[in-house]
Amino acid sequence: SQQGEEDPQALSIQEGENATMNCSYKTSINNLQWYRQNSGRGLVHLILIRSNEREKHSGRLRVTLDTSKKSSSLLITASRAADTASYFCATDSKAAGNKLTFGGGTRVLVKP
Amino acid sequence: DTGVSQDPRHKITKRGQNVTFRCDPISEHNRLYWYRQTLGQGPEFLTYFQNEAQLEKSRLLSDRFSAERPKGSFSTLEIQRTEQGDSAMYLCASSSLEGGIHQPQHFGDGTRLSIL
Chain A
40 SQQGEEDPQA LSIQEGENAT MNCSYKTSIN NLQWYRQNSG RGLVHLILIR
90 SNEREKHSGR LRVTLDTSKK SSSLLITASR AADTASYFCA TDSKAAGNKL
140 TFGGGTRVLV KP
Chain B
57 DTGVSQDPRH KITKRGQNVT FRCDPISEHN RLYWYRQTLG QGPEFLTYFQ
107 NEAQLEKSRL LSDRFSAERP KGSFSTLEIQ RTEQGDSAMY LCASSSLEGG
157 IHQPQHFGDG TRLSIL
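Protein chains in written order, with the numbering used here: chain A, 40 to 151; chain B, 57 to 172.
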């Protein structure tokens, strides 16, 4: 079953704009990760944030985590057409053997 | 590091046939995971191995599904008597343990199964 939900389900923006997507989850976690998936391909790991961290940056990506609200956000700044993809959050916990539980994803379209 | 590779990339078969998929993980990774993804959804966990031991199976993995990792390297996922509901992308991922901390999972490009 899906751990949580991503919001919005779809997002359409112009190149250069920022894209923000949110993820909510239901149970206690060890880590939360964001992955990108281009159509017909596998998932590419973007960033991992641990449960004791609140914010993390990687290049044009910024991830926040609020464990009290069981939510996370992914911000992509200065978006490019190549950022067009589906973005998934995934949580894991030691109790669950570190398997990943994914949300339903946000489909992002960046228009040139 | 050649990444996780999966074979075949696409499989089309008739209902009732058996199919087998292969996953070659990143060589030094001791954990190997199988996920299933249907159109428009996030991947769902099926099973995982630590070395050659299968440690967990999801309830999604009916008796028709079996996975092996005989030497702790590559893994196979077999589906017997396929049904139309088995149509999906089957994804394999691998990860390592470094300093007692599980590292992010690396995914292959998946095998897309279509049941006619």
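No wet-lab data here; the hints were simulated from the structure.
The C-beta atom is built at its ideal place from N, Cα and C for all residues, glycine as well.
Watch out, some of these pointers could steer you wrong.
Stated by the list, open to error - Where chain A lies over chain B, by a calculated footprint (3+ residues, C-beta under 8 Å):
1) 86-98
2) 129-140
3) 150-163
Said to hold, decoys possible - Some residues of chain B that are not near chain A, with every Cβ distance over 12 Å (derived):
4) Gly59
5) His66
6) Lys70
7) Arg120
8) Leu172
Worksheet item: Which numbered hints are broken by the structure, listed smallest first?
Response: The structure conflicts with hints 2, 4, 5, although it agrees with all the remaining ones.
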